[in-house]
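Number of protein chains: 2
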Amino acid sequence: MAFVKKPVTGMKDILPEEMQVRDYVQNVIKETYRSFGFTPIETPCMENISNLSSKQGGENEKLIFKILKRGEKLKLETAECEADLVDNGLRYDLTVPLARFYSNNSNNLPSPFKALQIGNVWRADRPQRGRYRQFMQCDIDILGEPSNLAEIELILATTTTLGKIGFKNFEIRINERRILRAMAKYSGFSEETFDKVCIILDKMDKIGQEGVAEELQKEGFSEESVKKYLDLFELTGSTESKIEKLCDKLSAAGCLEEEVKSSLLEIVTSVEATKAAEFKMVFDPTLVRGMGYYTGTIFEIAMPEFGGSCGGGGRYDKMIGNFTGNDVPACGFSIGFERIILLLLESGFKVPTQPKKIAYLIEKNYPADKLCEVIQKAGEERKAGKQVLVTRMNKNKKFQKEKLSAEGYEEFEEFFNR
Amino acid sequence: MAFVKKPVTGMKDILPEEMQVRDYVQNVIKETYRSFGFTPIETPCMENISNLSSKQGGENEKLIFKILKRGEKLKLETAECEADLVDNGLRYDLTVPLARFYSNNSNNLPSPFKALQIGNVWRADRPQRGRYRQFMQCDIDILGEPSNLAEIELILATTTTLGKIGFKNFEIRINERRILRAMAKYSGFSEETFDKVCIILDKMDKIGQEGVAEELQKEGFSEESVKKYLDLFELTGSTESKIEKLCDKLSAAGCLEEEVKSSLLEIVTSVEATKAAEFKMVFDPTLVRGMGYYTGTIFEIAMPEFGGSCGGGGRYDKMIGNFTGNDVPACGFSIGFERIILLLLESGFKVPTQPKKIAYLIEKNYPADKLCEVIQKAGEERKAGKQVLVTRMNKNKKFQKEKLSAEGYEEFEEFFNR
Chain L
7 MAFVKKPVTG
17 MKDILPEEMQ
27 VRDYVQNVIK
37 ETYRSFGFTP
47 IETPCMENIS
57 NLSSKQGGEN
67 EKLIFKILKR
77 GEKLKLETAE
87 CEADLVDNGL
97 RYDLTVPLAR
107 FYSNNSNNLP
117 SPFKALQIGN
127 VWRADRPQRG
137 RYRQFMQCDI
147 DILGEPSNLA
157 EIELILATTT
167 TLGKIGFKNF
177 EIRINERRIL
187 RAMAKYSGFS
197 EETFDKVCII
207 LDKMDKIGQE
217 GVAEELQKEG
227 FSEESVKKYL
237 DLFELTGSTE
247 SKIEKLCDKL
257 SAAGCLEEEV
267 KSSLLEIVTS
277 VEATKAAEFK
287 MVFDPTLVRG
297 MGYYTGTIFE
307 IAMPEFGGSC
317 GGGGRYDKMI
327 GNFTGNDVPA
337 CGFSIGFERI
347 ILLLLESGFK
357 VPTQPKKIAY
367 LIEKNYPADK
377 LCEVIQKAGE
387 ERKAGKQVLV
397 TRMNKNKKFQ
407 KEKLSAEGYE
417 EFEEFFNR
Chain X
7 MAFVKKPVTG
17 MKDILPEEMQ
27 VRDYVQNVIK
37 ETYRSFGFTP
47 IETPCMENIS
57 NLSSKQGGEN
67 EKLIFKILKR
77 GEKLKLETAE
87 CEADLVDNGL
97 RYDLTVPLAR
107 FYSNNSNNLP
117 SPFKALQIGN
127 VWRADRPQRG
137 RYRQFMQCDI
147 DILGEPSNLA
157 EIELILATTT
167 TLGKIGFKNF
177 EIRINERRIL
187 RAMAKYSGFS
197 EETFDKVCII
207 LDKMDKIGQE
217 GVAEELQKEG
227 FSEESVKKYL
237 DLFELTGSTE
247 SKIEKLCDKL
257 SAAGCLEEEV
267 KSSLLEIVTS
277 VEATKAAEFK
287 MVFDPTLVRG
297 MGYYTGTIFE
307 IAMPEFGGSC
317 GGGGRYDKMI
327 GNFTGNDVPA
337 CGFSIGFERI
347 ILLLLESGFK
357 VPTQPKKIAY
367 LIEKNYPADK
377 LCEVIQKAGE
387 ERKAGKQVLV
397 TRMNKNKKFQ
407 KEKLSAEGYE
417 EFEEFFNR
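Residue numbers (this note's numbering), protein chains in the order written: chain L, 7 to 424; chain X, 7 to 424.
FYI, nobody ran anything at the bench for these hints, they're computed from the structure. A few of these clues could be false.
One copy or two, it doesn't matter: identical chains are merged, so the pair holds either way.
[Said to hold, decoys possible] List time: in silico PhoX-like cross-link candidates among lysine-lysine, alpha-carbon distance up to 20 Å: (1) K376 to K281; (2) K234 to K202; (3) K36 to K392; (4) K324 to K68; (5) K12 to K81; (6) K383 to K281; (7) K36 to K209; (8) K362 to K36; (9) K401 to K251; (10) K409 to K362; (11) K12 to K403; (12) K324 to K36; (13) K174 to K389; (14) K61 to K251; (15) K212 to K224; (16) K209 to K224; (17) K61 to K286; (18) K202 to K363.
Can you make the complete structure from the sequences, with help from the hints?
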């Protein structure tokens, strides 16, 4: 069979220059999250196909790379459908594996459990610029913490990390699934239409209020209900006063528990008062977040440099219970690792505090006994924290040094056989 | 479908305690290899199935996890064999992907190119203790360096890393494929029986000289040839004098180029003179290394604590040419990452210089305004390099503190709503 030079469709090779930025960002992420008490865990990249097909994964379940059964288990002759051929698949996110991990290991885990996962996931999406079929996700989750301390810690940990990497002037948009439900109820939309309403509301930033109104009416909602619904989004003032006004109105109509307002306000004020990066907390009642498993607070990172979201998360108190039968309060925040890297690369980001890079060029036939001295010297420089390349001198030394300079080598030493 | 709590057969969840050791070891590896001028790269976990079926991978090619074609490409009705269903597979090592990476990107890479890869590979081996179907490999390779500077740098980089992790009194066993060939030729074994002879020689540590003699004779080699062959292994003295004696004998008979001896001696003496860890270079003429693609020097790490090899490598100057048609001199060294981790965990290894761990226990209904002060305080401790867990106080506070102590929390602060 022919040798294929290119990576598999939709996936990419990562070259040294990008790897350096990725490694640096990963280290900042790990170090910062650890200081908040998150502990790294890892799960296999493969999951049982039935875990991946639980409906918790929404649209992502259509994008699974499936693994062929092996050996005796594979009965090609009698196979009638895909399911007969497949027992495992590559994970499409880190949340389903986390739920499985927690149910498999909870006896050996503290409560609350603060998990950090950095790992690749795979989705057979249509390939497009900047989106790959293998990409890294970076999730923190707190399992077993019912109070909003989870939200506060997740938002502070994530924003502190982003600040350390060098991002500023971004926003954390926040909303509550229960507010979304209450708004729909307040406007007279029936319970079972909630998902449909959310899908339309989610388009607000693209099609505007008028577009949303149009689509809602097309779905058969009355003009009056739609007007009542859209009027709810007319809010002015500070983030805190917006939350207060909307929640008070919904609570007064008996559509929302009082507790939602105070909890959301507590999150916003605590984060604002203690934040360690330059960003703003913004209440955004149009924020929906795609995944159906969210039950409470939802949030998203919005970067001025970047159109879409650079990460997000929320509370999903029912998901682990859907898998295992026992509900566990859970809340998570995922950084859009690949988008962060893309932004940094496009802005010409340079990794700070790099070691000094020195190249030793050694002439061909340099005597063995003297070579030891050169290597010894390299060893001492390396011990002192420098990066030393020991390499043969090329015939075209000038060109060789030019290429090494481009790679960041600042100092050259030459060793001749004389 | 039912939810499966266990990881996929033969794979494992990695819990915080092990992850801490893995992360530490990975950091030491990356830092040390970088100081030697190796640059990290990454390739997708999936490769085109034809690249994985090139015969370069030996037995591993039988252990591939294959990925089902997707969408229109999958024609189950007309599929007659596995190949009709599959276009990609999970990589079984990092060497085949490196060869593809190099041929795809060589225009943008320096020469020589010193690559560091740390990544998962998958093999559908029979599951057994300590061996998993997903495991991490950690490879360094130098591409484009024909001289033994490559071997010297690879062995020094790897042993310096092992030393920094804390290993000592290990051995680097070294041999040369060309010596293996010359020994066979010297004994009168014909060229085409070389692979068979190597497979039998490889069993020396298990079945001893007598066992090897028996198996060779069973294969039809004459008693005289077998005796001549085995006599070659009777060597005494230092590593250097063993190399000299054997090579001189083989060269005198016209079976070995003179150059092999001087090159091997240069590697051994240079490494011994400049090494930064406690280990010995040992010449082992019975060392074979499984993979058929090696063309010159081969080496292996032998740990006193561990029966088998903890890593190895060698020169494979023809492999990239077999893929691409253009030979590129290449030499690599792979650390048995999972074995190293297993050894460390079994010896009760503790990660050095851990941050101080403090837990803040906050009573339920602690007032929001005072909570800000607590979080602020946590932020300052985190900035000062400490690891601070902010969590709700449980009803059974004593039990909670016991569990946290077991996780390494040394200091507790309690915040009451009074």
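Homo-oligomer pair classification [K281, K383; C-alpha up to 20 Å]: Result: close only across copies, 12 Å inter versus 47 Å intra.
Within, between, both or neither: K36, K209 at alpha-carbon 20 Å: neither (34 Å within a copy, 44 Å between copies)
Same-copy or cross-copy closeness of K202 to K363 [CA-CA at most 20 Å]: neither (58 Å within a copy, 47 Å between copies)
Intra- versus inter-subunit Cα pairing at 20 Å for K324 with K36: neither (28 Å within a copy, 40 Å between copies)
Identical-chain pair category, K61 with K286, by Cα at 20 Å: For K61 and K286, the Cα distance exceeds 20 Å both inside one copy (34 Å) and across copies (57 Å).
Intra- versus inter-copy proximity for K389 and K174 (alpha-carbon distance at most 20 Å): between (36 Å within a copy, 18 Å between copies)
Intra- versus inter-copy proximity for K224 and K212 (alpha-carbon distance at most 20 Å): Intra 17 Å, inter 78 Å, cutoff 20 Å: intra-copy only.
K324 and K68: within-copy, between-copy, both or neither at 20 Å Cα: neither (22 Å within a copy, 42 Å between copies)
Intra- versus inter-copy proximity for K403 and K12 (alpha-carbon distance at most 20 Å): neither (32 Å within a copy, 58 Å between copies)
Up to 20 Å CA-CA - K251 versus K61, copy category: neither (36 Å within a copy, 69 Å between copies)
Up to 20 Å CA-CA - K362 versus K409, copy category: Within one copy only: 17 Å inside, 45 Å across.
Up to 20 Å CA-CA - K224 versus K209, copy category: within (15 Å within a copy, 77 Å between copies)
Checked against the numbered hints given earlier, the structure breaks hints 4, 5, 7, 9, 11, 12, 14, 17 and 18 and satisfies all the rest.
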